[in-house]
Amino acid sequence: MKELEYVKMIMKAEFYAYLCWLKNNKLFAFMTLAWPYLMAAFILGLGTALGSLSVFASKVGVANPIFYIILASGVLVSSINIVDYSAWTLLDLKWLGVLPYIMASPPGLKRVAMYGLIIPTMISSAISLTAIAPVAVIVEGPLGLVKVLIVLGLVYLATIPLIGIAVIAGSLSLIFKEESFVSFLSPLMLLVSGVYYPITFLPKILQVISYIVPVTYVVEAAKILSVFGIPPLDKLFWIAGVLVAMSILYNLIAYPGLRSVEKNVRKHGIST
Amino acid sequence: MSGNTVFLRKAIAIIWLHLVRLHRYKLGFMNMIITDMIWYILLTLGALAFSSAGTHSVIAVLIFWGIVMWSIMNNTIWLIVGWVRFVLAWRIFEDHILHNTNPILLISGRIITSTIVTALAVPVIAIAFYFLTGAPIIFIQNIGLMALGIILLIAYAALYSMILVCLSLRLRIPGVMLDVTNMAMFVIGGLGVPLAWMSPVIRDIAFFIPYTYAAEIARAGIAGIKPYFGLTNTFLISLIYLAVLGITTGAVIKYSIDYIRKHGVKGVGMM
Numbered sequence: 001m002k003e004l005e006y007v008k009m010i011m012k013a014e015f016y017a018y019l020c021w022l023k024n025n026k027l028f029a030f031m032t033l034a035w036p037y038l039m040a041a042f043i044l045g046l047g048t049a050l051g052s053l054s055v056f057a058s059k060v061g062v063a064n065p066i067f068y069i070i071l072a073s074g075v076l077v078s079s080i081n082i083v084d085y086s087a088w089t090l091l092d093l094k095w096l097g098v099l100p101y102i103m104a105s106p107p108g109l110k111r112v113a114m115y116g117l118i119i120p121t122m123i124s125s126a127i128s129l130t131a132i133a134p135v136a137v138i139v140e141g142p143l144g145l146v147k148v149l150i151v152l153g154l155v156y157l158a159t160i161p162l163i164g165i166a167v168i169a170g171s172l173s174l175i176f177k178e179e180s181f182v183s184f185l186s187p188l189m190l191l192v193s194g195v196y197y198p199i200t201f202l203p204k205i206l207q208v209i210s211y212i213v214p215v216t217y218v219v220e221a222a223k224i225l226s227v228f229g230i231p232p233l234d235k236l237f238w239i240a241g242v243l244v245a246m247s248i249l250y251n252l253i254a255y256p257g258l259r260s261v262e263k264n265v266r267k268h269g270i271s272t
Numbered sequence: 001m002s003g004n005t006v007f008l009r010k011a012i013a014i015i016w017l018h019l020v021r022l023h024r025y026k027l028g029f030m031n032m033i034i035t036d037m038i039w040y041i042l043l044t045l046g047a048l049a050f051s052s053a054g055t056h057s058v059i060a061v062l063i064f065w066g067i068v069m070w071s072i073m074n075n076t077i078w079l080i081v082g083w084v085r086f087v088l089a090w091r092i093f094e095d096h097i098l099h100n101t102n103p104i105l106l107i108s109g110r111i112i113t114s115t116i117v118t119a120l121a122v123p124v125i126a127i128a129f130y131f132l133t134g135a136p137i138i139f140i141q142n143i144g145l146m147a148l149g150i151i152l153l154i155a156y157a158a159l160y161s162m163i164l165v166c167l168s169l170r171l172r173i174p175g176v177m178l179d180v181t182n183m184a185m186f187v188i189g190g191l192g193v194p195l196a197w198m199s200p201v202i203r204d205i206a207f208f209i210p211y212t213y214a215a216e217i218a219r220a221g222i223a224g225i226k227p228y229f230g231l232t233n234t235f236l237i238s239l240i241y242l243a244v245l246g247i248t249t250g251a252v253i254k255y256s257i258d259y260i261r262k263h264g265v266k267g268v269g270m271m
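Chains D and Z are the protein sequences, given in the same order.
Per our numbering, the very first residue in the first sequence carries number 1; after that it's consecutive.
Per our numbering, the very first residue in the second sequence carries number 1; after that it's consecutive.
No wet-lab data here; the hints were simulated from the structure.
Where is the CB? At the ideal position from N, CA and C, for every residue including glycine.
Heads up, some of the hints might be wrong.
Claimed, not checked - For lysine-lysine, the following DSS-like pairs were computed, each having C-alpha atoms within a straight-line distance of at most 27 Å:
#, chain 1, residue 1, chain 2, residue 2
1, D, Lys235, D, Lys223
2, D, Lys263, Z, Lys26
3, D, Lys267, D, Lys94
4, D, Lys23, Z, Lys262
5, D, Lys94, Z, Lys26
6, D, Lys2, D, Lys267
7, Z, Lys262, D, Lys26
8, D, Lys94, D, Lys12
9, D, Lys59, D, Lys223
10, Z, Lys254, Z, Lys10
11, Z, Lys262, D, Lys267
12, D, Lys59, D, Lys235
13, D, Lys263, D, Lys59
14, D, Lys23, D, Lys8
15, Z, Lys10, Z, Lys226
What the hints assert, rightly or not - Derived Cβ-Cβ restraints for the label pairs, each shown as a range:
#, chain 1, residue 1, chain 2, residue 2, range
16, D, Arg259, Z, Gly144, 54 to 62 Å
17, Z, Asn142, D, Phe15, 22 to 30 Å
18, D, Ala63, Z, Thr181, 30 to 38 Å
19, D, Gly108, Z, Ile92, 25 to 33 Å
20, Z, Ala251, D, Gly108, 22 to 30 Å
21, D, Arg259, Z, Val124, 31 to 39 Å
22, Z, Gly134, D, Gly153, 36 to 44 Å
Generate coordinates for the entire structure from the input sequences, incorporating the hints supplied.
Structure, rendered in structure tokens:
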């Protein structure tokens, strides 16, 4: 019961803080909307300058390549936001000197780090993916909007295991005397997930790693959805099931991991 | 002490600081190199997904060096502008103003970090790519010209970053998010496509972007592709752009620091 109250309190506080940031910085909110389009335009410009969309469609295995690139760019920006925000938050708190206060507060560091990240990452993912909704509607009609919402749902499912991975990686910066050494995480996840190419382009070892990365499954869903008309729903349910299983497994590892980091920091102090 | 001596002493202190940080944060330094290499691979593979199998080796050379130049530009900007977050969080921005040292000069010292990261990441990834794809990407025709082009590219990116730093301090938007033009630079900034190969409309835009000329010089060194205006003219134009950008950046920095001295740094919350 007490745990649920902590979750509610932390999420409420984070929700309020994030809304205030957006309210006080409207230009920042606008820039968040623009990034998926910039990324899509970049990869389209890069590819079509030296190749063709039809080759891309046949290699990646999608019927509607433009729709896929836009959808994949939304997933890419969301994933970067989730992983970077989760990994950098602890470092930001360390820099600002407020970690000791958080550790001394009743919920403690582990709860603030785990639950506190859910709301901001969910809002930023919603912004990134709803930003592409107008183009999805133009390309595919109302069905395009439904597809974007399905991807958003899957991104939400992937958020939980992603936070687990990123928080553990980010918490290492409290133990090591380092500034930040986890910013390779988000591009690495995107590299192995095959966001703009088939996974078969990668060496075998990276193909194997891709199976344990949640983003791979969201990218796969985006590929399934990039057909004209109604996509096969059974495959999407299977992907949702995998993401739920990952959420449970990764957080079973992350939560005790974070507890031991907190214990270490309480004993030895924060490394700066 | 004369003004020049004081400036020199401050500049040496800032260079020393950044070199010490590189030594101190070894894991972070490695992380930057690895992150860079991952982006090179990710974008190159993305571009290769558009090209048919028969043209892979030819296209791979063009794509690879285009992406390397784009990444050098992007990396310089992100490492300089992204550091504002650290400087503000550690509250050392005001400290530097109080000690009569321009904090923008402190932030611009990140160019040392970005240059070392690039110098280490590019050869490693070029060799790895050569062995992976077999594309002749490591056979450079004139290494001096390539280096000159890349140095100009870094100089433009560094000056542009300082303008973004000043804007981010005024607008409260993380500077990296202000860098909306970087994605377009691959095509309209001439980094991925030579001027001679562009459509007339895009070429007209590319004429006004300094990166175009640095890339033309670098490409002449890498693949022997003759610059659109000839080598000497391209070099002269690139120097004119460097002077104009330098003067503009100096004026923007002066205006921003004067503004900050009066109104304080606007760096709260998500900045």
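Violated hints, by number in ascending order, as checked against the structure: 11, 13, 15, 17, 20
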